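Fit chain G to the given chain A structure using the hints.
The listed protein sequences correspond, in order, to chains A and G. Numbering of the first sequence is given in my numbering, commencing with residue 1 and proceeding in unit increments. Numbering of the second sequence is given in my numbering, commencing with residue 1 and proceeding in unit increments.
None of the hints are false.
Straight line, CA to CA, 30 Å or less: simulated DSS-like cross-link-like pairs of lysine-lysine:
#: 1; chain 1: A; residue 1: K52; chain 2: G; residue 2: K21
#: 2; chain 1: G; residue 1: K73; chain 2: A; residue 2: K89
#: 3; chain 1: G; residue 1: K73; chain 2: G; residue 2: K21
If you are wondering where the hints come from, they were derived from the structure by calculation, not from laboratory data. Given the structure is predicted, the values throughout are model-derived calculations rather than measurements.
Now for the letters of each chain:
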Amino acid sequence: MDIKVNVREAQGDCYIVELSGEIDVYTSPKVKDAIGDLIDRGVYNLVIDLEKVRYIDSTGLGVLIGGLKRVREHGGSVNLVCTNPQIRKIFDITGLVKIFGIFESEDAAMKALV
Amino acid sequence: MNQPLPHTDEVDVVDLRIPCKAEWVALARLSVAAVASRLNFSIDEIEDIKLAVAEACTNAIQHAHGSPFIEIKAEAVPGSLRLSVRDHGRGTRPEHIRSRELNDERVGGLGVFLIRSLMDEVEYDVQPDQGTLLVMVKRLAV
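Next up, chain A with everything else stripped away, as it sits in the complex (with noise of 0.2 Å):
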């Protein structure tokens, strides 16, 4: 079990960072580390894309609001990339599809933040 995560720089001052894999209690640590570094160098603007994650856990969803609320006091945004139903679902019965904005492409998710 493990997760890959590929950080790329995109349009404007966006960067994407793609996972994939299990996001869980032992492998949220190496996501929270890739977005905090993003973060501390002034990347306040985020595509996160989860297409390619099987399985969140709550310590997952932990650090996606995490990093929303440290880039949200530099005044930037994440957003999420999701399209598969079980990974959705998740985020639709804790609320959090209010306080994330989820999009079925990089493109689209891209575009909601500028």
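Quick look at chain G alone, frame taken from chain A:
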């Protein structure tokens, strides 16, 4: 291999004990998923069960200080799966086991909220200095 078990009134029990460490939670959720798949739960229900047992183990790892291991019992009760997750930590005070409110952007309480949302019955038994027992049931859809 994954053929459903024949209908019976017997209770089949699978016991698992994992170290109280983050790297073992995946084993717990995959083992319980294998049990659930033998009981004819749907793929969506198996995902619910996987997440609930993982959240229970994560709570133990994060809050059951001093527990060397976590015990997971899966009981194939007719028509349902009963899961017990026990740690042997100091025990969380019952009033500290709380779910979260929707729209709450705080991180804490998400795991308990998910467990209560995904399972049909959830019960905590907290014994100070003896650990926490979480029993949860998922019923097969009729």
